[in-house]
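Just so you know, the protein sequences line up as chains R and Z, in that order.
Quick note: the first sequence uses this note's numbering, first residue 1, plus one each step.
Quick note: the second sequence uses this note's numbering, first residue 1001, plus one each step.
All clues stand as given, with none of them false.
Derived EDC-like pairs (lysine to aspartate or glutamate); straight-line CA-CA distance at most 16 Å:
#: 1; chain 1: Z; residue 1: K1561; chain 2: Z; residue 2: D1361
#: 2; chain 1: Z; residue 1: K1206; chain 2: Z; residue 2: D1297
#: 3; chain 1: Z; residue 1: K1044; chain 2: Z; residue 2: E1457
#: 4; chain 1: Z; residue 1: K1434; chain 2: Z; residue 2: D1529
#: 5; chain 1: R; residue 1: K88; chain 2: R; residue 2: E37
#: 6; chain 1: R; residue 1: K68; chain 2: Z; residue 2: D1304
#: 7; chain 1: R; residue 1: K72; chain 2: Z; residue 2: D1304
#: 8; chain 1: Z; residue 1: K1499; chain 2: Z; residue 2: D1511
#: 9; chain 1: R; residue 1: K61; chain 2: Z; residue 2: D1315
#: 10; chain 1: R; residue 1: K94; chain 2: R; residue 2: D139
#: 11; chain 1: Z; residue 1: K1515; chain 2: Z; residue 2: D1361
#: 12; chain 1: Z; residue 1: K1205; chain 2: Z; residue 2: E1339
#: 13; chain 1: R; residue 1: K61; chain 2: Z; residue 2: D1313
#: 14; chain 1: R; residue 1: K16; chain 2: Z; residue 2: E1179
#: 15; chain 1: R; residue 1: K132; chain 2: R; residue 2: E37
#: 16; chain 1: Z; residue 1: K1381; chain 2: Z; residue 2: D1433
#: 17; chain 1: Z; residue 1: K1310; chain 2: R; residue 2: E64
#: 18; chain 1: Z; residue 1: K1523; chain 2: Z; residue 2: D1511
Between beta-carbon pairs, the in silico distance windows are:
#: 19; chain 1: Z; residue 1: P1549; chain 2: R; residue 2: V5; range: 27 to 35 Å
#: 20; chain 1: R; residue 1: S59; chain 2: Z; residue 2: N1219; range: 34 to 42 Å
#: 21; chain 1: Z; residue 1: T1105; chain 2: R; residue 2: K120; range: 41 to 49 Å
Stretch by stretch, here's where chain Z covers chain R in the computed footprint (C-beta under 8 Å, at least three residues):
#: 22; region: 22 to 36
#: 23; region: 57 to 66
#: 24; region: 75 to 85
Because the hints were derived from the structure by calculation, they are not lab data.
Ideal Cβ placement from N, Cα and C applies to all residues, glycine included.
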Amino acid sequence: MQNNVNERRVISVIVKNESSVLARVTALFAGRGYNIESLTVAPIPNSDMSHMSIETNGSAKVMEQITKQLHKLIPVYKVIEHEEMIEKEMVLAKFPIAENLSDISVLSAAYNGGVVNVGKEMIIVMVADEPKRIKHFIDAAQRYNPVEIIRGGVVAIER
Amino acid sequence: MRQMSGAQMVCEAIIAEGVKTVFGYPGGAIMHVYDEIYKQKGFKHILNRHEQASVHAADGYARATGEVGVAMVTSGPGFTNAVTGLATAYMDSIPLVVISGQVPTSLIGTDGFQEIDAVGISRPCTKHNFLVRSLEELPRILKEAFYIARSGRPGPVLVDIPKDITVAIGMFEYPNRVEIPTYKPTYKGNAKQIEKAVRAIKDAKKPLLYIGGGVVLSNAYEEVRALAEKTQIPVVETLMARGVMGANSPLLIGMLGMHGSYASNMAMSETDLVISLGARFDDRVTGKLSEFAKYADIIHVDIDAANIGKLVDVDYPIVGDVKQVLEVMLPQLDGVETERYEAWRKILRRYDELHPLSYVDSNEVIKPQWVIERVGELVGKDAIITSDVGQHQMWAAQHYPFDRPRQWINSGGLGTMGFGFPAAMGAKMAFPDKTVINVTGDGSILMNMQELVTAAEYKIPVINLILNNHFLGMVRQWQTFFYEKRYSETDLSFQPNWKALAEACGGIGYDITTKEEFDTALKDAIKQDKVCFMNVAVDRFEDVLPMVPAGGALFNMLLPKTEKSDGEA
Ligand SMILES: Cc1ncc(C[n+]2csc(CCOP(=O)(O)OP(=O)(O)O)c2C)c(N)n1
Chain R
1 MQNNVNERRV
11 ISVIVKNESS
21 VLARVTALFA
31 GRGYNIESLT
41 VAPIPNSDMS
51 HMSIETNGSA
61 KVMEQITKQL
71 HKLIPVYKVI
81 EHEEMIEKEM
91 VLAKFPIAEN
101 LSDISVLSAA
111 YNGGVVNVGK
121 EMIIVMVADE
131 PKRIKHFIDA
141 AQRYNPVEII
151 RGGVVAIER
Chain Z
1001 MRQMSGAQMV
1011 CEAIIAEGVK
1021 TVFGYPGGAI
1031 MHVYDEIYKQ
1041 KGFKHILNRH
1051 EQASVHAADG
1061 YARATGEVGV
1071 AMVTSGPGFT
1081 NAVTGLATAY
1091 MDSIPLVVIS
1101 GQVPTSLIGT
1111 DGFQEIDAVG
1121 ISRPCTKHNF
1131 LVRSLEELPR
1141 ILKEAFYIAR
1151 SGRPGPVLVD
1161 IPKDITVAIG
1171 MFEYPNRVEI
1181 PTYKPTYKGN
1191 AKQIEKAVRA
1201 IKDAKKPLLY
1211 IGGGVVLSNA
1221 YEEVRALAEK
1231 TQIPVVETLM
1241 ARGVMGANSP
1251 LLIGMLGMHG
1261 SYASNMAMSE
1271 TDLVISLGAR
1281 FDDRVTGKLS
1291 EFAKYADIIH
1301 VDIDAANIGK
1311 LVDVDYPIVG
1321 DVKQVLEVML
1331 PQLDGVETER
1341 YEAWRKILRR
1351 YDELHPLSYV
1361 DSNEVIKPQW
1371 VIERVGELVG
1381 KDAIITSDVG
1391 QHQMWAAQHY
1401 PFDRPRQWIN
1411 SGGLGTMGFG
1421 FPAAMGAKMA
1431 FPDKTVINVT
1441 GDGSILMNMQ
1451 ELVTAAEYKI
1461 PVINLILNNH
1471 FLGMVRQWQT
1481 FFYEKRYSET
1491 DLSFQPNWKA
1501 LAEACGGIGY
1511 DITTKEEFDT
1521 ALKDAIKQDK
1531 VCFMNVAVDR
1541 FEDVLPMVPA
1551 GGALFNMLLP
1561 KTEKSDGEA
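This is chain Z alone, in the form it adopts within the complex:
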């Protein structure tokens, strides 16, 4: 027990939780905490140039490490700027603690200067939130915030602290235990249900492992790989699970969903048993629900009971942590006849040969897919790849040879443009020795470009790889397909001088129009200790394919034109 201010308690809790980097932005209501940050040495604070970027950076840090990320903002506009960050983390179940200043207790409810109802606004986009009402409850709330953020299905937690509570002095002891009688996540799957699921697997002829982001969150990739290995059941990954199997796995069919591979989407359409691990049947994955996995029974393992049966009817529901469930399941699959599924594997191999993920390369203009493949060849396993939202994100997900989970960091659930750059900074802070590349578009990058200044100041040398098509490309693609090429407000022909922009903020810029220039620039960028913009001019009208039109059945894909096909399936 020591006597200290509420502000000091906040710092002590952050240190006790082992957080090494905090991202934030000061202001009136949180100034006492910043005063304590100035005095302490337990963690580093990064001053982003916008609160949204602070939360995304903490989020990138959390996704790269698996630990809780921390961001700090002031009341009012500081908090509202952070909301997109909270929502982004919420949709992808990322553990964050965001600390916001609030007007003094006596002013709450009076429309005071920079007062906003932070717990009210953030209720639907946080796992939980707290408005601290007294100094006495502050240590407990801080402890609970970290616990709630990382336990069960993880998520962001907001702690809103009125200014007077940060000033007040009281006794501090950081609790070493958490006791919340109303919150008891289920980790262990029901043994009987697991047995039934095992029997279903042994009886199936065309089983399919459907792997989602929950596998990454639960750090269960070794168990998933072991399961696939042992049973020789083919695997499809969602956007959030890229890297779980590793690009070289012979059992990995590919990514499924709206921009999934032909074989993956056909696998889902023809399987007789879906084994869903930490996936949540998002509409971008399932396409038309009534046609989704129409011939299959479904095993659904999820730590969140509310995910089970929400969209599809499930035959074998298992509420629990994927890792723990698989630890029980694996030994029960001893002696499973892997030959049983050989005919099925053959069908899928055939589908993949029929319509592999492909594009037509060119010598005139750089194809965006080529850029991704080339980055894969040059840095492959060693890099962490983040992305913004749009075509570039899908090309990265499709074509990068991901080798492990947490190597691929993107906003899947909310689809937040502007996420990639700050998230890359967070990942780089956690892994300074790794090359971190944000694959982005000429639209998205501008949504948090002020972070050039932050990254330059703190020497956070992340590479922003801009696949520049002079369009809001993904929206342009929909306009091409579904709006008779009326390119309403998507033409970005008016461009900044990217090189000069990066340099003006203390970074490096590369303007790239040939493959040779690209190689030289990337190699140079990796060596530099400065943040950079690599502005790569790519084919303006390249489309992301395959594509399942929104609301259509997974097996109805628009395919790339090749010698063998005219692009219909």
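Next up, chain R with everything else stripped away, as it sits in the complex:
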């Protein structure tokens, strides 16, 4: 990674699961002018910690500062700058029932997903895949006039 080139990065932040910890992390990004592309957070099973996955971008120098500044927050236990990671993102998408249902079903299956709900007027699918492939899915889905597409944000785990 070059020193001054902006690159997409995913970091995991393990934090004490307490009130206002999310505010501390996001306020740090806002206050120091760092970007957040996506952020997911949920408790880690059987612990009093939570896991945050933050998708951000910046130069190597900025990334180093983000990591160090995060680490300074008292409830932050660990900051992992991912190198070798598995990352996934989940997406929910809603289409009019009048569209080609079998096409939509095949499409979502191709991206590790499937139909999760069929109603009177709408069909809802879920997919879960790598962030790059998620972009492809969203492009492909455009042909079927999606009513709503909701991205879940990246979650990452070190290999």
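Got chain R sorted already, so can you dock chain Z with the ligand onto it with the hints?
Below, chain Z with the ligand without anything else, positioned relative to chain R:
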């Protein structure tokens, strides 16, 4: 284990922490705590006349002693008044615990009377903050607050306590241990890195010790002096480190930065190895970054990893407490060839002879630099000097013969006008036998002048030395240099009657226009047990020099005009 109210727990914790003086101001949300303060005898409470002053006073107390200072305020406006104090302490890494009242838990989030989101507002200007959610967690939070404030890189901690929790009754035992798994400051430097740094020092030809406020915070001045002594490496100090080497040290080149000495700034520009100890490469120190220490490798010792590599690339990063790192480093420097650096020392001595810190004295008008020098001659090592922000601050930093750390107390990071007077009161409470002088300007002093009343009431006889130039002098100086002398809103020709003002509040005033009057007044002021204003009329248009224009390279200084030079370098 004893049964008591949350308010009592607050007092018990303050006493258990050994705090002797608390500064504060009551109000609705914190009244239960004040009721307990009334009943206890473990500490003294000073009622400042503004919450900002309470926090600055606790800050001055902390800077003078090295211990945690405590301030107490009510919710809403009491808290917001305290914010400047928190930010001031935060920027200079000063250990404080500020306790604020909050509306009762049931009213939080309802825009209740005097409700404000204190933890939200103070998040970026505290090291950490707590909103107490239950009585059960109060003892632990109080303990953690003091621990977090003083450990690692110190800083202010806010504890916001809803009123109902101060009323509630529960069992109290003050924890004697702190266990925060997510917070483990690094004190010990990496041994391998230290070895590498030692080798770099031995290989260098023009090494330079760059000493910052972290040395004061870490109480490492003896180790720093020993290091300089042993290696004979010259030293430059930042504004926050004045006093670390002592004015008489032959190895001290001086203060560097925007108003640093010529030799200090040239030393930084020509060194081949910067040994940075507890300094953070502030822009007022470095000038233009790309020109800063251009020919040097950099050793950076700092307890805060985030400071390392933040602004300049570092060759030998060492995360740790300066004192502990130097304890390891010193023996490894046995037998270092001090002769090696003699040529370098000679160059710097020559720079200092070429452009020493200087001013042209006058018989017509008092020069502000003369005042500082004169105070140094009259009280020197014995006094504690605080300051406000502006030209007077820089003249004090440049010309006062500081002898030890914690003798010089000023707001370096935030540059808060109004800091000096209350900070002086805090220092005086900690060291009642020492002369405490706040060097201030006719602008700054008015920003906390209500403290005349406090200082008079409690007999806190600090001396406010007003270098009165009838200007917001530092801003006027920039207008002179960079805005073609358009003195927009900096002329303070309209003046209060300083003597009458001090007297009206129960203090003493001196109006001074000659050097003789100054001597007499200062000697008198030191003897008095009353707070005073010494209003010294000084040369209106005196500038602080040398000066590195903001954003310029350190070696491009505007210099004072002397017989030898026309003021360019
Ligand atoms: C609270 C605050 N407001 C504004 C400033 C900007 N400022 C820096 S120095 C200065 C002038 C200070 O004037 P004075 O106290 O008279 O000191 P002098 O420079 O004349 O010695 C000002 C307005 C500041 N540092 N702090």
